[in-house]
Amino acid sequence: MITTGISRRHALLGGLVAPGIFATPLASLAQTPAQPRGAVIDITRARTDPLPIAIPDFAGSGEGERLGRDIARVVQANLRNSGLFRPVDRQAFIQTAEAAAQTPRFQDWRLIGAQALTTGRVELRGDQVRVEFRLWDVNPETQLQGTAFNAPNANWRRIAHLISDAIYERLLGEKGYFDTRVVYISEAGPRDRRIRRLAIMDQDGENHRFLTDGRLTALTPRFHPSADRIAFMSYQAQGEPRVYLFDLGSGRQEVLGNFGGMTLSPRFSPDGRSVVLSSTRGGDANIFVVDLGSRRERQLTSGGGLDVSPCYSPDGAQIVFNSDRGGDQQLYVMDAGGGGARRISFGNGRYATPVWSPRGDLIAFTRIARGGFAIGVMRPDGSGERILSEGWGMEGPTFAPNGRVLMFYRETPARDQRGGGYSSRLVSIDIAGFNERPVTTPTDASDPAWSPLLS
Numbered sequence: 001m002i003t004t005g006i007s008r009r010h011a012l013l014g015g016l017v018a019p020g021i022f023a024t025p026l027a028s029l030a031q032t033p034a035q036p037r038g039a040v041i042d043i044t045r046a047r048t049d050p051l052p053i054a055i056p057d058f059a060g061s062g063e064g065e066r067l068g069r070d071i072a073r074v075v076q077a078n079l080r081n082s083g084l085f086r087p088v089d090r091q092a093f094i095q096t097a098e099a100a101a102q103t104p105r106f107q108d109w110r111l112i113g114a115q116a117l118t119t120g121r122v123e124l125r126g127d128q129v130r131v132e133f134r135l136w137d138v139n140p141e142t143q144l145q146g147t148a149f150n151a152p153n154a155n156w157r158r159i160a161h162l163i164s165d166a167i168y169e170r171l172l173g174e175k176g177y178f179d180t181r182v183v184y185i186s187e188a189g190p191r192d193r194r195i196r197r198l199a200i201m202d203q204d205g206e207n208h209r210f211l212t213d214g215r216l217t218a219l220t221p222r223f224h225p226s227a228d229r230i231a232f233m234s235y236q237a238q239g240e241p242r243v244y245l246f247d248l249g250s251g252r253q254e255v256l257g258n259f260g261g262m263t264l265s266p267r268f269s270p271d272g273r274s275v276v277l278s279s280t281r282g283g284d285a286n287i288f289v290v291d292l293g294s295r296r297e298r299q300l301t302s303g304g305g306l307d308v309s310p311c312y313s314p315d316g317a318q319i320v321f322n323s324d325r326g327g328d329q330q331l332y333v334m335d336a337g338g339g340g341a342r343r344i345s346f347g348n349g350r351y352a353t354p355v356w357s358p359r360g361d362l363i364a365f366t367r368i369a370r371g372g373f374a375i376g377v378m379r380p381d382g383s384g385e386r387i388l389s390e391g392w393g394m395e396g397p398t399f400a401p402n403g404r405v406l407m408f409y410r411e412t413p414a415r416d417q418r419g420g421g422y423s424s425r426l427v428s429i430d431i432a433g434f435n436e437r438p439v440t441t442p443t444d445a446s447d448p449a450w451s452p453l454l455s
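Residue 1 is where the sequence shown starts when you use full-length UniProt numbering, and the numbers rise one by one after that.
Quick caveat, the hints were computed from the structure, so don't treat them as lab data. Computed from a prediction, not measured in an experiment: that's the story for all the values here. It is possible that some hints are incorrect.
What the hints assert, rightly or not - Okay, derived cross-link-like pairs now, SDA-like style, lysine to any residue, Cα gap no bigger than 20 Å in a straight line: (1) Lys-175 with Trp-392; (2) Lys-175 with Asn-81; (3) Lys-175 with Ser-250; (4) Lys-175 with Ser-455; (5) Lys-175 with Gly-251; (6) Lys-175 with Pro-225; (7) Lys-175 with Ile-195.
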């Protein structure tokens, strides 16, 4: 039997799943019933009862043994950090990784409480690596997934993320989010002389690098749908904010256009052909869309007030933004062509930085009320508002590509600094409001933006 657990996302029959990574299906090592049961779980239940999963090291010899250990550790960290899985303590393992990679002895894994099991093998071939991975449902003793990855040695971490995504999707019924990147603003220095530059990393904080040198302030980065470009706001030498485009492949940086006034809060359209942004003309700020091919602009809003922070719905039919047109800063949704604006936020306080979920079912936002900040979500019609986290200072939510997890930044006063010092860190949280955890960065961090899946 050929397993097809992630065939919707990858062409497993020799298809290219990521730059330099090829995946092929593995035949099952066990008889699999037509409808395997046991390890597949309900996400809502997993919040309070995470799935116990055993993740032994991938078998291998020589350098392959070390690489197999590293791959298993990345998979374990990814699944644990999601809050929906509970990796079984390795000290409880009875069967060795080498033996399990040959044929799992399921009674040994049931005895230590594992409901799901991963096994694998790593083989080095010069500068190439082959990683075989299998996912098992322990109770019925069935194989749920089997895939072999072939890639350059340097891509081993990407393979670990792809394996994590396969496990997540097969056991939870939703696509994973581990093979992604996060772009954000690295912050350093005193509050009145803050150096802010673009930085990028894998979603787990690895492969970190700076994209700009900090000579010009960078703010509000956003990914292109293809994940190969970034739009962001930057202050030029004379202090006038402009929207820039950054090509991740070449490192080339260019101004989107010279439109007059300040341009800010850019975001790509779902088809990647245009950028929606806010531009100040006189005392007002209105929303414009700029075609990336012709660089022509089209105004979408008009009238008094400040219309900022636009974000398209996933289908490109609507735009959410925040505006003080009604006298207070609130959220509005309008048609993508600019008509039919309607207010959707009615809670106590001011609303800002709205972002549409990739699933289209929620809009995340920042709310400022009673001297404090909060990150929350609501439906696109404004109903079902829920606050996920509150604090002294927090802002800038961004969704993982599966719409399941949010990332934002949280500010906290730094009591050991004089002159109003503070620290700013990235935080992630499940949209159900649990599993809030810090995201490690080498410096203070703000304005995160999650990439689409990379493959």
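Hints, one by one, checked against the model:
Taken as a hint, the Lys-175 and Trp-392 pair is broken in the structure, with Cα atoms around 33 Å apart against an allowance of 20 Å. The hinted pair formed by Lys-175 and Asn-81 meets the criterion: a straight-line CA distance of about 16 Å does not exceed 20 Å. Under the criterion of a C-alpha separation no larger than 20 Å, the hint pairing Lys-175 with Ser-250 is inconsistent with the structure, at around 30 Å. Note on Lys-175 and Ser-455: the hinted pairing holds, with a Cα-Cα distance of about 12 Å set against a maximum of 20 Å.
Restraint check for Lys-175 and Gly-251: not satisfied, since their Cα atoms lie roughly 30 Å apart, outside the 20 Å limit. Distance restraint check for Lys-175 and Pro-225: the Cα-Cα separation of roughly 17 Å lies within the 20 Å cut-off, and the hinted pair is therefore satisfied. This hinted pair does not check out: Lys-175 and Ile-195 have alpha carbons roughly 36 Å apart, beyond 20 Å.
Hint violations for this structure: numbers 1, 3, 5 and 7, all remaining hints satisfied.
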